[in-house]
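Asker: Sequence:
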Amino acid sequence: MAKKKIVIDPVSRIEGHLKIEVEIENGKVTNAKSAGEMFRGWEIILQGRDPKDAQMISQRICGVCPSPHAHASTLCLDQAFGIQPPDNGRLIRNLIFAADYIHSHILHFYHLTALDYVDITAILKYTGSDPGLNNVKNWAKTEVDSGRPTAVAPFLPRLKGDYIADTDTNISCIAHYLQALEMRKKAHEMLCIFGGRIPHEIAIMAGGACERPTVDKITEYLYRLKELQSFIDNVYIPDVVAVAKAYPQYFGIGKGCGNLLAYGVFEENNSGTERLLPGGVYLNGTVQPFDSSKIAEYVKYSKYSSKSGLHPSLGETIPQPEKKNAYSWVKAPRYENKVYEVGPLARMVVNHVSGKNKAASDLVGNTLQQLNLQVPSLFSVMGRHASRALELKVIADRCAEWVMQLKPGDPVHTKFEIPDQGSGMGLTDAPRGALGHFITIKNKKIERYQAVVPSTWNFGPRDDKNQPGPVEQALVGTPVADPDNPIEPLRVVRSFDPCLACAIHIMEPDGEPKKFVVV
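Per the numbering used here: the sequence shown = residues 1 to 519.
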């Protein structure tokens, strides 16, 4: 069978555009490229500014998850200024950050991923009395009967595929799609109690936070959290398990590089040496300590004239849009010159194998037993979805303890002076994976600022040794039943949570593009 080329462009995200190219032969992907399609230059924007501005400006990198950037930036500034937050400041940071996690994971599964599996047209068969579902049914039926199914956005039109056949399962998931909208709202309300607003909260800052806890705020946060905990336990995790059972083959699709890296997230002491989900490096079945000095970014196939192989603290952002053979605006981060995947899968496997977080390890072990699987099966599309749901339970449950540790009246902030010179590194894990901010200060101004975000790790191109990036590797071997409806590669890409809704272009080497709109 002749090779075919599929170009998915753009795979849109809040912070820019992603293009995926795959070659198909004998019904499987044999080669893939991941290309970031937009240059933004945040590192250049930050040069010469007051260091205190960094956490506010860097949040604009992403409107879906700005709080992780605020968190990484303040950790970076804490180190550069030589300060630590007090207990209240640390706890408030964690509570803001955790609310962002809750919102982000629910958004990803229900509103960005579930529609790859759930048959939304099953709503036309609904015969129950739920007013929300009946509203959706009547609206969809009116549009379909009018001959304008393209108006039923964001549900139709869509790619053809092997959607869930069971009507009851589909109806249940559609109901939870609607419920998840309300849950996301409550997570944002929780964030705003201590963060002031969303997106781009204003409370996290160098030295701690600027929002003081009160009994009323603690009560309001905890009230919403309890409802979200119930949703996670009784709706989100069961739905992920239901989809996983409906698509067991996707525990064997999208493996990727097999190496995992996590910086660790949620400080449990003010120095940051202890974290709820500790970091580590998973390689060849074992977990090793993480060493930040072993990170380097490569740019052979990236549209930069920057020197290749630099540590991010020495990183350069010198755009070269016409660079020969370069196909992405994303750099290629490597750890010890090897390709590593980051994200919920990395965090949960690192903690399961190492046993550093017993709650996480037990959840992973119990889920594997329930699904009759072993750890290697987690390196897959469904493994990523399961990891994301399980870690959210660990985080939400710990939130209920953090909020009760707040002490109204105690300090939330440590005073500081900006040094004439200094440097700092803020490493944490955003919902989508390892996030690092790096700063150099000279004459009390930002001389150099670099951010290596999760999608840099996961969606980066080939490196100087021509090693494909994590998503590029994960796509290889993916079966594609119908090249005109490439839902399988999209399921792989979405499992990494690039936060997308996309328009598809199918192109054969000697043919004209065919355009599709995809949920």
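Worth flagging that the hints you see were computed from the coordinates, not collected in a lab. Hints are not guaranteed to be accurate.
[Said to hold, decoys possible] When the alpha-carbon atoms are kept at most 35 Å apart in a straight line, the in silico DSBU-like pairs for lysine-lysine are as follows:
| no. | residue 1 | residue 2 |
| --- | --- | --- |
| 1 | Lys-245 | Lys-185 |
| 2 | Lys-33 | Lys-323 |
| 3 | Lys-465 | Lys-294 |
| 4 | Lys-3 | Lys-323 |
| 5 | Lys-415 | Lys-338 |
| 6 | Lys-217 | Lys-186 |
| 7 | Lys-415 | Lys-465 |
| 8 | Lys-125 | Lys-137 |
| 9 | Lys-465 | Lys-444 |
| 10 | Lys-338 | Lys-294 |
| 11 | Lys-358 | Lys-245 |
| 12 | Lys-415 | Lys-185 |
| 13 | Lys-141 | Lys-186 |
| 14 | Lys-358 | Lys-407 |
| 15 | Lys-358 | Lys-323 |
| 16 | Lys-217 | Lys-185 |
| 17 | Lys-125 | Lys-245 |
| 18 | Lys-19 | Lys-33 |
| 19 | Lys-19 | Lys-185 |
| 20 | Lys-185 | Lys-338 |
Asker: A separate judgement is required for each hint: does it hold in the structure or not?
Answerer: Quick rundown of the hints versus the structure:
1. Lys-245 x Lys-185: The hint holds at about 29 Å.
2. Lys-33 x Lys-323: Holds, because 17 Å separates the two Cα atoms, which is no more than 35 Å.
3. Lys-465 x Lys-294: holds (16 Å)
4. Lys-3 x Lys-323: holds (28 Å)
5. Lys-415 x Lys-338: violated (41 Å)
6. Lys-217 x Lys-186: holds (14 Å)
7. Lys-415 x Lys-465: violated (46 Å)
8. Lys-125 x Lys-137: holds (8 Å)
9. Lys-465 x Lys-444: Violated - the C-alpha atoms of Lys-444 and Lys-465 are around 39 Å apart, more than 35 Å.
10. Lys-338 x Lys-294: This hinted pair holds, its Cα atoms lying about 10 Å apart.
11. Lys-358 x Lys-245: Roughly 25 Å separates the two Cα atoms, so the pair holds.
12. Lys-415 x Lys-185: The given pair, whose Cα atoms are some 34 Å apart, holds under the 35 Å limit.
13. Lys-141 x Lys-186: holds (30 Å)
14. Lys-358 x Lys-407: Status holds; Cα separation ~27 Å.
15. Lys-358 x Lys-323: This hinted pair is violated, its Cα atoms lying about 48 Å apart.
16. Lys-217 x Lys-185: holds (17 Å)
17. Lys-125 x Lys-245: holds (23 Å)
18. Lys-19 x Lys-33: holds (8 Å)
19. Lys-19 x Lys-185: holds (30 Å)
20. Lys-185 x Lys-338: violated (40 Å)
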